[in-house]
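Novice: Sequence:
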Amino acid sequence: MADWLIEQGWSILAASVRVGRDELDLIAREPGTPATIVFVEVRSRTSTRFGAPEETIDGAKIGRVYRAAMTLLRQRTLPDGRALERLPWRVDLVVVDARAWRPGASDVPELRHLRGVSPY
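Adding 143 to a residue's 1-based position in the sequence shown gives its number in our numbering.
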């Protein structure tokens with residue numbers, strides 16, 4: 144997933160970040176004017192048994208992502224000690240839907256990027 148964002152021109156600032164009891168899958172910097180700090184929740188599915196990847200996330204989980212993001216933004220530092228730039232920010236959901244994909248196939252899993260998700 145991080146490789147796909149890098150291909151889109153993004154910079155990955157951190158991955159699998161623990162903030163108290165919460166976890167952030169990715170913290171990235173999206174280029175632009177101005178650039179944007181993006182806290183990315185990643186969801187994936189390889190079978191149809193439990194539905195689409197988007198169905199596995201609810202407002203409470205997105206709320207925990209927001210809580211972790213707000214903590215880091217207040218501290219203005221990443222877990223490794225680097226400064227977290229003062230930039231606009233948002234929370235995104237990136238879905239890796241491999242339910243129809245099979246190893247060895249020429250296709251790659253379907254990726255869906257939902258920008259600016261909200262717990263409400």
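These aren't lab readings, by the way, just hints derived from the structure by calculation. Just so you know, these numbers come straight off a predicted model, no measurement behind them. Each residue gets a CB set at the ideal place from its N, CA and C atoms; glycine is no exception. Mixed in with the good hints, there may be bad ones.
Using C-beta positions, here's what the derived DEER-type ranges look like [as the list claims (entries may be wrong)]:
| no. | residue 1 | residue 2 | range |
| --- | --- | --- | --- |
| 1 | 251 | 206 | 29 to 37 Å |
| 2 | 253 | 230 | 23 to 31 Å |
| 3 | 224 | 263 | 13 to 21 Å |
| 4 | 219 | 251 | 34 to 42 Å |
| 5 | 230 | 256 | 27 to 35 Å |
| 6 | 226 | 252 | 19 to 27 Å |
| 7 | 200 | 145 | 17 to 25 Å |
| 8 | 166 | 258 | 31 to 39 Å |
Novice: Taking the hints in turn, state whether each one holds.
Specialist: We went through each hint and held it up to the structure:
As the Cβ distance of residue 251 to residue 206 is approximately 31 Å, the hint placing it in 29 to 37 Å holds. At about 30 Å, the CB distance of residue 253 to residue 230 agrees with the hint of 23 to 31 Å. At roughly 33 Å, the beta carbons of residue 224 and residue 263 sit outside the given window of 13 to 21 Å. Checked against the hint of 34 to 42 Å, the C-beta distance between residue 219 and residue 251 comes to roughly 37 Å, which is consistent with it.
For the hinted restraint 27 to 35 Å between residue 230 and residue 256, the CB-CB distance of approximately 19 Å leaves it violated. Distance hint check for residue 226 and residue 252: the Cβ-Cβ separation is about 35 Å, which falls outside the suggested range of 19 to 27 Å. Checked against the hint of 17 to 25 Å, the pair residue 200 and residue 145 passes, with Cβ atoms roughly 19 Å apart. The hinted range of 31 to 39 Å is not satisfied by residue 166 and residue 258, whose Cβ atoms lie roughly 20 Å apart.
Going down the numbered hints, you'll see the structure goes against 3, 5, 6, 8, while the others check out.
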